[in-house]
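J.: Sequence:
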Amino acid sequence: MAEDTKVFGMAAESGRWLFVIAGMIMNFCLGAIYAYSVIRVPLEAYYKSLNVVVTATNMLYPYIVFLLVFAITMPVAGQYIVKMGPKKVAMIGGVLTGLGWFLASTVSSPTMLSVTYGIVGGLGVGIAYNVPIQVSTRWFPDRRGLAVGLTVLGFGFSAALIAPIADFLVTNYGGILNTFRIFGVAFLIILVLLSMLMVFPPAGWAPKGWKPPEPKAGAVPAADFMRNEMVKTRAFMGLWICYTIGTLAGLMAIGVAKPVGLEIATNAGMDKVAAGALMTGLVIPFAACNGFGRPIFGWLTDRLTPRNAAILTYVLIILASLGVYTSTSSVTVYTIGFALLWGCLGGWLAIAPTATASYFGIKDNARNYGLVFTAYGAGAVIGNLLAGQIKDIFGAYTNVFPIVAVLALVGIIVAFFTMKPPVKKAT
Numbered sequence: 034m035a036e037d038t039k040v041f042g043m044a045a046e047s048g049r050w051l052f053v054i055a056g057m058i059m060n061f062c063l064g065a066i067y068a069y070s071v072i073r074v075p076l077e078a079y080y081k082s083l084n085v086v087v088t089a090t091n092m093l094y095p096y097i098v099f100l101l102v103f104a105i106t107m108p109v110a111g112q113y114i115v116k117m118g119p120k121k122v123a124m125i126g127g128v129l130t131g132l133g134w135f136l137a138s139t140v141s142s143p144t145m146l147s148v149t150y151g152i153v154g155g156l157g158v159g160i161a162y163n164v165p166i167q168v169s170t171r172w173f174p175d176r177r178g179l180a181v182g183l184t185v186l187g188f189g190f191s192a193a194l195i196a197p198i199a200d201f202l203v204t205n206y207g208g209i210l211n212t213f214r215i216f217g218v219a220f221l222i223i224l225v226l227l228s229m230l231m232v233f234p235p236a237g238w239a240p241k242g243w244k245p246p247e248p249k250a251g252a253v254p255a256a257d258f259m260r261n262e263m264v265k266t267r268a269f270m271g272l273w274i275c276y277t278i279g280t281l282a283g284l285m286a287i288g289v290a291k292p293v294g295l296e297i298a299t300n301a302g303m304d305k306v307a308a309g310a311l312m313t314g315l316v317i318p319f320a321a322c323n324g325f326g327r328p329i330f331g332w333l334t335d336r337l338t339p340r341n342a343a344i345l346t347y348v349l350i351i352l353a354s355l356g357v358y359t360s361t362s363s364v365t366v367y368t369i370g371f372a373l374l375w376g377c378l379g380g381w382l383a384i385a386p387t388a389t390a391s392y393f394g395i396k397d398n399a400r401n402y403g404l405v406f407t408a409y410g411a412g413a414v415i416g417n418l419l420a421g422q423i424k425d426i427f428g429a430y431t432n433v434f435p436i437v438a439v440l441a442l443v444g445i446i447v448a449f450f451t452m453k454p455p456v457k458k459a460t
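Under the working numbering, the letters of the sequence shown match residues 34 to 460, in that order.
Please keep in mind that the hints were generated in silico from the structure rather than gathered at the bench. Among the clues, some could well be false.
[Stated by the list, open to error] Pairs of lysine-lysine residues, derived as DSSO-like cross-links and limited to a Cα-Cα distance of at most 27 Å, are as follows:
1) K244 x K453
2) K305 x K81
3) K244 x K39
4) K396 x K120
5) K244 x K396
6) K39 x K305
7) K396 x K121
8) K305 x K241
9) K39 x K120
10) K116 x K265
11) K116 x K396
12) K265 x K396
13) K39 x K241
14) K244 x K305
15) K396 x K241
16) K120 x K241
17) K396 x K305
18) K265 x K81
[Claimed, not checked] Pair ranges (Cβ atoms, derived):
19) D257 x K120: 25 to 31 Å
20) G207 x E46: 46 to 52 Å
21) V232 x V456: 32 to 38 Å
22) M259 x M117: 46 to 52 Å
23) M43 x S362: 37 to 43 Å
24) D304 x M259: 57 to 63 Å
25) T139 x M117: 28 to 34 Å
26) S47 x I369: 21 to 27 Å
27) K265 x I369: 39 to 45 Å
28) S142 x I317: 26 to 32 Å
29) A310 x E46: 44 to 50 Å
30) G242 x M145: 27 to 33 Å
31) F427 x G242: 57 to 63 Å
32) S142 x D257: 48 to 54 Å
Model, not experiment: these values are computed from the prediction. For glycine and all other residues, C-beta sits at the position ideal for the given N, C-alpha and C.
Work the whole structure out from these sequences, hints included.
T.: Written as structure tokens, this is what we have:
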């Protein structure tokens with residue numbers, strides 16, 4: 034019987050937390066892309082040694098392509114999680130993720146890196162990423178925001194671990210190319226092994242003592258919103274726009290964290306070597322903010338509603354953006370501002386899946402959130418191309434932050450009027 038379900042030999046109410054832990058570790062591997070601002074520094078040096086033309090924009094292409102392919106793959110892969118089962122889908126994604134990192138060691142230009150690291154690696158992450166989210170969503174109908182937030186914490190926190198390891202490997206184990214090889218093999222092994230643990234609960238299972246909230250009179254449960262029905266709602270359009278704006282700010286901040294920090298440290302009169310070491314070190318607390326932003330905002334989303342949690346992120350984004358723009362020689366303001374931007378990105382990666390499940394139910398959630406997640410790709414492209422172009426044209430990344438603040442203000446307005454559960458009348 035469903036209520037007697039055992040997980041890893043324990044009562045399901047206790048054993049289900051192991052799915053969260055496994056998903057968190059998987060996301061540590063999948064989220065290594067967030068260390069790109071550190072990895073790009075030795076990459077630039079390597080490409081320049083080969084007389085390859087390097088600009089602020091073309092060095093962001095591999096990062097942009099990776100995130101775009103990641104986002105586009107999500108809605109396609111989502112439908113197969115149910116059809117094939119989470120275990121098989123996660124294994125396929127794990128193999129491609131490891132392969133993408135390994136193949137990055139075979140190319141010698143940003144363009145070709147966009148193909149190997151960007152397309153192959155992005156495909157792998159796009160296929161695997163949604164699996165632990167869907168597993169946690171189904172095992173935790175009673176604490177969905179917290180469970181999803183903890184599951185994806187590893188993705189956001191990944192850079193805190195990957196950045197110093199990458200620095201160490203580049204210095205001591207054969208440079209950036211060998212570093213790609215080591216990460217590729219390690220990610221493949223870890224992801225394939227953990228994929229074997231990914232399973233859904235039996236049909237009809239629910240935690241003991243928990244009952245789903247009753248739907249409003251005249252409405253049917255949100256689980257009846259299939260993907261083709263979801264896209265016709267104002268709630269979907271509002272959530273997609275808000276998700277785009279929320280991720281735009283954070284993904285841009287991740288992609289340019291070290292270059293912006295070097296600009297500000299130089300303005301403050303810091304030595305270049307000391308500034309470089311400081312900015313690499315700051316990736317660790319930034320990544321911690323990104324990682325912990327997920328369970329924190331997952332918890333807040335459960336209590337404040339997705340709309341109010343979204344508005345809170347936009348207020349923080351506005352404060353951070355204006356602070357960095359008006360204090361171009363303050364490393365302290367930069368540190369606080371970027372910590373907030375990284376943290377709010379983590380917040381959105383808990384708010385959006387929780388809102389999708391809450392607004393549209395879990396019956397078609399894998400496909401629904403896959404489509405909502407395309408906003409992440411849009412945010413990655415818009416934010417990073419905007420930052421790269423601003424740098425190439427005006428000579429400083431900091432000029433992009435007033436634009437980010439205005440977009441966050443737009444996000445507040447859109448969230449206030451559209452991020453509400455849709456009511457589907459019973460027929």
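J.: Taking the hints in turn, state whether each one holds.
T.: Structure-based check of all given hints:
| no. | hint | result |
| --- | --- | --- |
| 1 | K244 x K453 | holds, 22 Å |
| 2 | K305 x K81 | holds, 19 Å |
| 3 | K244 x K39 | holds, 20 Å |
| 4 | K396 x K120 | holds, 19 Å |
| 5 | K244 x K396 | holds, 17 Å |
| 6 | K39 x K305 | violated, 57 Å |
| 7 | K396 x K121 | holds, 20 Å |
| 8 | K305 x K241 | violated, 59 Å |
| 9 | K39 x K120 | holds, 18 Å |
| 10 | K116 x K265 | holds, 25 Å |
| 11 | K116 x K396 | holds, 13 Å |
| 12 | K265 x K396 | holds, 17 Å |
| 13 | K39 x K241 | holds, 13 Å |
| 14 | K244 x K305 | violated, 59 Å |
| 15 | K396 x K241 | holds, 21 Å |
| 16 | K120 x K241 | holds, 26 Å |
| 17 | K396 x K305 | violated, 54 Å |
| 18 | K265 x K81 | violated, 49 Å |
| 19 | D257 x K120: 25 to 31 Å | holds, 27 Å |
| 20 | G207 x E46: 46 to 52 Å | holds, 48 Å |
| 21 | V232 x V456: 32 to 38 Å | holds, 33 Å |
| 22 | M259 x M117: 46 to 52 Å | violated, 19 Å |
| 23 | M43 x S362: 37 to 43 Å | violated, 55 Å |
| 24 | D304 x M259: 57 to 63 Å | holds, 59 Å |
| 25 | T139 x M117: 28 to 34 Å | holds, 30 Å |
| 26 | S47 x I369: 21 to 27 Å | violated, 39 Å |
| 27 | K265 x I369: 39 to 45 Å | holds, 41 Å |
| 28 | S142 x I317: 26 to 32 Å | holds, 30 Å |
| 29 | A310 x E46: 44 to 50 Å | holds, 47 Å |
| 30 | G242 x M145: 27 to 33 Å | violated, 56 Å |
| 31 | F427 x G242: 57 to 63 Å | holds, 59 Å |
| 32 | S142 x D257: 48 to 54 Å | holds, 50 Å |
The structure fails to meet hints 6, 8, 14, 17, 18, 22, 23, 26, 30 from the earlier list, while all remaining hints are met.
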